[in-house]
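Participant: Below, each chain spelled out in residue letters.
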Amino acid sequence: MIKLHKSLNGKQLTSITLLTFIGGLGLFAPFIMPNDPFLVDVSKKFLEPSWAYPLGTDHLGRCILSRILLGIRYSLGSALFIQLVATFFAIWIGAIVAFKRGIIDYFFIRICDILLAFPTLVLVFGLLGILGPSLKNLLLALIFTQTVYYSRVLRGLFISVHAKEFIKAAKISGTSGVKLILRHFVPNIKAPMLTIISLDLGKVILEIAGFSFIGLGVQAPTPEWGMMISEGKQYIRLHPELMLYPGIAIIIVVLLFNFISRQSKQVDH
Amino acid sequence: MERKILLQVKDLNVQIGEQEILSSINLTANKGRILGIIGESGSGKSMLCQAIMQSIPAVAKSTGQILFQNTDLSSVTKESLRDYRGRHISMITQNPLVAFDSIQTIEMHFRETLKAHYVLTKKEIRQIAISAMNKVNLPNPEKLLQYYPFQLSGGMLQRVMIALSFAMQPKLYIADEPTTALDTVNQKKILTLFNQIRDETNAAIILVTHDLGVIAELADEVAVMYKGELIEQANVFDFFDAPQHWYTKKLLQSRITF
Amino acid sequence: MKTWEVMKEMYESTWLFCLKRVITLPFVLLGVSIMTFLFIRFVPVEPAEVILRMSGVAPTAEAIQALRSELGTDQPLSIQYFIWLKGVLHFDFGSSFVSKLPVAQEIVEKLPATFELALAAFVCMICFSIPLGIISALYKNSIFDRIVGLLSIISVSIPTFWLGFFLLYLFSLKLGIFPTNGKGTILHMILPAVSLALPTTGLFVQAIRTSVIEELQKKYVQYAFLRGLKKSVILSRHVFKNAAIPLTTMLGMTLGNLLGGAVIVEQVFSWPGLGRYLIESIMNRDYPVVQCYVLIIAIIYVFANLCTDILHRVLDPQLMIVRRRE
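Chains as they are written, first to last, in the working numbering: chain A, 1 to 269; chain B, 270 to 527; chain C, 528 to 853.
Quick caveat, the hints were computed from the structure, so don't treat them as lab data. Treat each hint with caution, since some may be false.
Unchecked claim - Think about it this way: if two alpha-carbon atoms lie no more than 27 Å apart in a straight line, the pair counts; the simulated DSSO-like pairs of lysine-lysine are: (1) Lys392/B <-> Lys701/C; (2) Lys745/C <-> Lys758/C; (3) Lys701/C <-> Lys233/A.
Construct all of the structure, not just a fragment, from the sequences and the given hints.
Facilitator: Encoded structure:
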């Protein structure tokens with residue numbers, strides 16, 4: 001379904017493999033996690049790492065590893081979801097605007113310019129301010145900001161491909177409609193789009209964590225990594241590990257995504 | 270005519286990895302004479318120019334001697350080489366538009382080149398620049414100095430480049446395909462310039478080209494490059510009348526004759 | 528003796544460009560204001576109801592209607608917009624639902640601290656990224672380059688708030704070098720600024736490195752070398768200046784991101800900026816505050832981008848001079 005770049009190198013393959021593995025962990029988390037991530041047992045708080053609790057327990061006696069495993073869904077899963085939905089909408093919007101041109105295009109560009117006149121974080125703050133802070137609304141806000149950006153980019157891509165000679169040639173020779181799109185547009189759009197999407201996955205994960213950290217995303221007791229860091233912050237003096245583990249989880253996942261997209265950037269050049 | 274040897278290349282070899290780019294090159298350039306080096310793309314002409322200027326790419330290794338006025342340039346210190354480059358030996362490259370820095374004015378280019386070798390005031394530099402540009406028949410030099418390179422046409426820029434070299438009064442000019450990017454009218458102008466320079470300054474000129482017409486017009490001596498080797502050297506008359514090597518013969522045959 | 532005409536043309540075209548941009552500015556701001564206004568009016572919950580609930584008053588139908596006419600939210604949208612706009616132009620952004628105080632006053636009190644932090648991070652970033660980027664480019668593929676490259680990619684993967692705590696733990700709690708929170712001396716500012724700046728620094732180092740490497744391949748570098756110019760001169764006068772030009776456009780965007788990110792970092796270090804205020808307002812659905820924040824930041828951002836665009840124009844003569852070839 002998603003065809004891989006022919007020129008993927010070792011680093012990228014390792015990253016993709018690791019990420020798929022991690023994704024798998026998140027998917028099957030309920031089956032593989034050692035304990036119930038929501039089970040509160042204050043008598044068991046701040047336990048040292050052991051076989052029963054591989055990363056120890058937090059301030060409420062909950063197993064940290066289990067929470068991190070489940071947290072994969074919220075970080076990785078949400079980010080993938082956001083990117084896929086945003087790309088889906090962006091393709092339609094970008095295509096319609098690129099092909100209709102005229103007034104629709106004009107207004108689209110103006111609106112995009114205005115929306116992009118706000119730094120993305122500020123837009124998300126604004127949207128959360130209207131809709132209210134929750135995970136659902138955070139996802140909506142991020143989908144919105146990503147869609148705006150991607151539809152702008154896709155519009156540009158569609159227009160530039162459209163202007164290329166082989167499209168005119170194909171049209172003259174009779175190809176039209178869906179066939180035209182599939183056979184000629186898609187291959188040329190694929191490469192730059194994949195680069196951009198993979199580039200932003202890391203960024204989106206960081207944003208989800210950031211907003212959850214300040215309390216505007218996921219709400220307790222959901223085991224999202226940013227939220228976990230926020231919960232751990234009052235114990236930083238004596239039990240910094242509460243913040244260390246989720247932080248490292250974030251860094252690893254985002255780093256892997258960055259390895260993939262950075263390498264593909266170098267390949268393109 | 271008395272021949273004074275200015276530059277002698279002895280057994281020059283340039284290698285990149287396993288590949289030999291130049292093999293056993295031996296040639297001389299004399300004062301007041303134009304040496305035309307002709308060859309097709311890939312024959313190593315540009316690498317030869319770079320080797321003489323001691324500016325071959327870092328991955329390349331060279332052996333042999335480059336004797337300029339009896340000093341071997343290949344064993345001179347890097348700092349001293351700066352003295353030679355631009356001052357005693359001046360190079361004129363092809364495609365001048367990319368050779369100039371588009372964010373600096375023409376005057377800036379003159380100023381930095383002259384300042385790199387001499388101590389001069391701004392005013393003196395301007396005067397030198399203007400007189401050099403007049404020499405190469407550029408119109409309105411004062412105005413041109415204020416322009417940025419992208420504001421001038423290819424032909425004019427090539428002449429500016431020659432003026433820049435001329436202002437330094439070098440003993441040796443190396444011109445790498447100076448007319449390739451130009452139309453015939455501008456080509457003619459450039460060729461006339463080189464003639465002028467040779468006659469008036471008695472400098473040695475090495476002219477690299479793939480155009481036999483240029484050789485016919487300007488060269489006093491001709492050297493033929495083929496696959497990194499210098500396969501024939503002769504004065505221009507012998508070159509055209511009695512070619513020795515099969516490649517030279519082939520080259521001359523492919524010329525469009527009227 | 529200098530040619531008047533050429534200089535005049537250059538200045539005229541820059542002047543014209545600035546003028547054009549400054550003229551379109553109000554329209555952009557107008558668009559921004561409309562967008563911000565519409566944002567708030569898309570609220571799924573009736574503001575009057577929220578206010579009543581917060582004040583502890585039972586939200587009966589009459590109470591809601593009474594408050595609505597008091598707030599003016601029962602007027603048609605366009606009239607509401609003009610009333611709001613008029614207020615905005617008089618710097619009256621309405622009052623907070625929570626504190627009943629004028630929003631503008633509170634935000635203007637707290638904004639400078641956030642702006643200061645963002646600016647400090649910006650300066651930090653520039654100071655570190657330029658030398659690192661340049662050295663990485665000049666010694667491409669050396670050990671230094673590889674290490675810096677790895678650090679860059681790691682720095683972009685670290686959440687700023689986590690980094691803040693990490694640095695706090697290390698330098699503040701354990702080593703006691705820096706104070707843990709608040710604002711006051713330079714020492715107070717260092718940790719927050721560094722945490723905020725780090726990811727952007729990583730990005731910039733790589734961008735600078737790429738740009739310099741690209742410039743080094745260009746022919747004018749070789750020509751300068753052939754003319755006998757000193758390496759240091761070639762680098763400073765030609766390479767670095769050319770490399771900087773495409774990077775100027777990134778600057779404005781970066782400042783916007785730093786302003787947004789500052790809100791999060793402030794939470795870590797109890798930095799007295801907009802952060803706490805904004806977050807609480809969002810949780811309380813205090814719309815006027817959010818609206819004001821969005822508008823003000825957007826305006827700053829638009830100005831920052833305008834400045835960087837003008838800077839870009841001025842540095843690159845090819846953009847400045849729109850002239851035919853001779």
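Participant: Each of the hints needs a verdict: does it hold here or not?
Facilitator: Hint-by-hint comparison with the structure:
no.	hint	verdict
1	Lys392/B <-> Lys701/C	violated (63 Å)
2	Lys745/C <-> Lys758/C	holds (15 Å)
3	Lys701/C <-> Lys233/A	holds (15 Å)
Of the numbered hints listed earlier, the single one contradicted by the structure is hint 1.
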